[in-house]
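**Student:** These are the residues of each chain, in order.
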Amino acid sequence: MMEEQTKDHAELALEFNRDEDRVNWHDETLWFIRQKRDKIAHQIPEWETLREAASQIKNNVLSNLHNYLQQFEANAIANGITVHWAADGAEHNRIVHELINKANVVRMVKSKSMLTEECGLNEYLAEHGIEVIDSDLGERIVQLAGEPPSHIVLPCIHKKKEEIGEIFHQHLGIEAGISDPQFLTETARQHLREVFLTRKVALTGVNFAVAETGEFVVCTNEGNADMGAHLADVHIASMGIEKIIPERKHLGVFLRLLTRSATGQPITTYSSHFKKPREGSEIHIILVDNGRTVQLGRKDFRNSLKCIRCAACMNTCPVYRRSGGHSYHTAVAGPIGSILAPNLDMEKYADLPFASTLCGSCSNVCPVKIDIHQQLYKWRQVLVKNGYAPTAKKAGMQLMTWTLSSPGAYRMAGKAGRWVLKHAPFAVNNSFNPWYKQRDMPNPPAQSFGEWFAKNKAGK
Amino acid sequence: MNSRDKIFAAVKASQPATTPLPDMHSFERNAAGSLDKFTTVLKTVGGSVYYVNSYAEVANILHDINGEGKKIISPLTELREFYNEAILNSTHISDLQDIDVFIIKGQFAVAENGAIWVTDKEMHQRVLPFITQHLAIIINAENVVPTMHEAYDQISKTSYGFGTFIAGPSKTADIEQSLVIGAHGPRSMTAFVMNTSL
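Chains as they are written, first to last, in the numbering used here: chain A, 626 to 1085; chain B, 5 to 202.
Since the hints were made in silico from the structure, they are not lab data.
Computed from a prediction, not measured in an experiment: that's the story for all the values here.
Glycine included, every Cβ here is placed at the ideal spot set by N, Cα and C.
Worth double-checking, as some hints may not be accurate.
As the list claims (entries may be wrong) - Chain B stretches covered by chain A per the calculated footprint, using a threshold of three residues with CB under 8 Å from any CB of chain A:
| hint | segment |
| --- | --- |
| 1 | 8 to 20 |
| 2 | 119 to 131 |
| 3 | 181 to 190 |
Unchecked claim - Once the Cα atoms are required to be at most 16 Å apart in a straight line, the calculated EDC-like pairs of lysine to aspartate or glutamate come out as:
| hint | chain 1 | residue 1 | chain 2 | residue 2 |
| --- | --- | --- | --- | --- |
| 4 | A | K874 | B | D104 |
| 5 | A | K874 | B | D27 |
| 6 | A | K785 | A | E653 |
| 7 | A | K785 | A | D652 |
| 8 | A | K785 | B | E180 |
| 9 | A | K973 | A | E636 |
| 10 | B | K74 | B | D104 |
| 11 | B | K161 | A | E837 |
| 12 | A | K1019 | A | E1076 |
| 13 | B | K161 | A | E872 |
| 14 | A | K874 | B | E32 |
| 15 | B | K109 | B | D124 |
| 16 | B | K10 | A | E716 |
| 17 | A | K727 | A | D858 |
| 18 | A | K786 | A | D805 |
| 19 | A | K901 | B | D124 |
| 20 | A | K785 | A | E772 |
| 21 | B | K125 | A | D652 |
| 22 | A | K1003 | A | D925 |
| 23 | A | K901 | A | E677 |
| 24 | A | K786 | B | E180 |
| 25 | A | K994 | A | E772 |
| 26 | B | K10 | A | D713 |
Chain A on its own, in the form it takes in the complex (with noise of 0.2 Å):
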């Protein structure tokens, strides 16, 4: 979870702006990504025909997920694995406590899992002296900065190798200056496996649950939730409760997809079936609620929980590209994360819906056909009938509602700015105006529509 924090999301993104090489890096940096999706989806031809069934998929989970759950709860014990349910992030972070004092340990080690950022895990563990580890090498290197990920899939996209450098510097002490990504990898490598080598618990995430056979699928590139896993006696696997599918066979669908989507690569280098504890170890599954099930009570918003964390409609997001994870003080950052956190907190996140151009950009990517933009838009709508508008928002729609319901002052107002555009384009290009931060103002036409109208109209 993060720390407290009052400024807005257009606030924390003029913070990211001011360093406007490393805007534009991390812009073409994720532009980049969403290109190599792009290219890898279209060498399949039945990729829409994927899409599609992979949201039917999750429709109908959606819509029958009582009995899924149900139905992966006896699977699942029956393969040996002892199921936790925790209706809020704080009972999930007492579960994990309990277990890990139940192993009579102090330490633990984890792969990626979002879930653990939403309920504020890491801080919880630290109050309570357990140590933390995390392993994906992305987290790792956020968690030695003192800074939550800002992406979803790539943890430090934000971060410059230099300043990773100096991150390693200074905690795993190699020399200052060293930005070698391969030198910088390896060190982390064996800091890291040392942690594997020695942790009794170890935490994971999870991408998939079969309600079928009771199986959840972990997906990594460096192997990290593996090498947690059956290194320790003690596996614990959070998931959110929507993260269930019906049957095996369509984890055929969603690997098709995931990371193809994410990444543009083929499928992740490890996608790991955990059915049964080895012998001699544990696994605990707690499935986790968290407002999940009053997002799924929300008609316009319930499909939000399709999302399988692919990051596509972070990566193609022109808001997103140019304004950083961060700015989005949430865990799930860019557009899907800006129709999730509402739910959680309306009064918090009043301000993510409006962090978007509604380009519709996030929904044509998203493999599981979440209407993303819609959903910002009616988020928008629900938060201003609810009075969580933001107050400068409040105030400019005050004036655009006079303006516009008024024939007179519209055409007055359309005449000045022209005007000061042309003769006078200091008066708006300066800091006072928000719209000309990160941005030119454009050339004015020479009339507006209505005088080219009247115009026109007389001399036919």
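Given the structure of chain A, go ahead and fit chain B onto it with the hints provided.
**Tutor:** Same frame as chain A, now just chain B:
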């Protein structure tokens, strides 16, 4: 009411009317997967591929690649010189952490993504394909399926406690998107494709 019952009640109250599952038959192909395609894709994701006719050939190649003095371990009785029961069954991490090369059989390969399906039966111990510095997997040339749909058809005929698709070496691009091979798991992954028609 405990949390379990609370969640079930809330789900039941909130879930919409049931919608149907899609027809999955449209995705299945009749033809076998292309070995060429598998080889190309696996190489693209950082793996190496050798076509071989015998286990003796596998052993020779492994000797050539690794040179002398390496700890090469395999549960395959066909690779007797690498078979070491004490290490394979050891529960001491110290016996496992310095394995240089681990060789196992894979059940089948997937052409579209270069992945090979292996389960705890082939691995002997689950951690071995991950903790080893280098991994080699032997598959039969005829055991290539086209896509993940046929892969799950195959898997549905088997049982396992743990199974995984492995597609190439362990890797990361977390530092400025620069691809680095050898994150936490194997620094290389080699597939031996065995010609069994001889």
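**Student:** Straight-line Cα separation of A:K786 and B:E180 no greater than 16 Å?
**Tutor:** holds (6 Å)
**Student:** Taking 16 Å as the top limit, are the C-alpha atoms of A:K973 and A:E636 close enough?
**Tutor:** holds (14 Å)
**Student:** Given the hint that B:K161 pairs with A:E872, does the C-alpha gap stay at or below 16 Å?
**Tutor:** Roughly 14 Å separates the two Cα atoms, so the pair holds.
**Student:** For the pair supplied as a hint, A:K786 and A:D805, confirm whether the alpha-carbon distance does not exceed 16 Å.
**Tutor:** holds (7 Å)
**Student:** When you check the alpha-carbon spacing of A:K874 and B:D104, does it fall within 16 Å?
**Tutor:** Outside the cut-off at roughly 35 Å; violated.
**Student:** Would the hint linking A:K994 and A:E772 be met if the CA-CA limit is 16 Å?
**Tutor:** At roughly 31 Å apart (the allowed maximum being 16 Å), A:E772 and A:K994 break the hint.
**Student:** What's the verdict on B:K74 and B:D104, does the C-alpha distance respect the 16 Å limit or exceed it?
**Tutor:** holds (6 Å)
**Student:** With the threshold set at 16 Å, check whether the alpha-carbon distance from B:K161 to A:E837 stays at or below it.
**Tutor:** Measuring from Cα to Cα gives roughly 14 Å; hence the hint holds.
**Student:** Can the restraint linking A:K901 and A:E677 be considered satisfied, given a maximum Cα separation of 16 Å?
**Tutor:** Not OK: A:K901 and A:E677 at ~32 Å, beyond 16 Å, violated.
**Student:** Please verify whether A:K901 and B:D124 have alpha carbons no more than 16 Å apart.
**Tutor:** Holds. A:K901 to B:D124 sits at ~10 Å (cutoff 16 Å).
**Student:** Would the hint linking A:K727 and A:D858 be met if the CA-CA limit is 16 Å?
**Tutor:** Measuring from Cα to Cα gives roughly 12 Å; hence the hint holds.
**Student:** For a C-alpha distance cap of 16 Å, please report whether B:K125 and A:D652 respect it.
**Tutor:** With Cα atoms ~46 Å apart, B:K125 and A:D652 exceed 16 Å; violated.
Hint compliance for this structure: hints 4, 12, 21, 23 and 25 are not met, and every other hint is.
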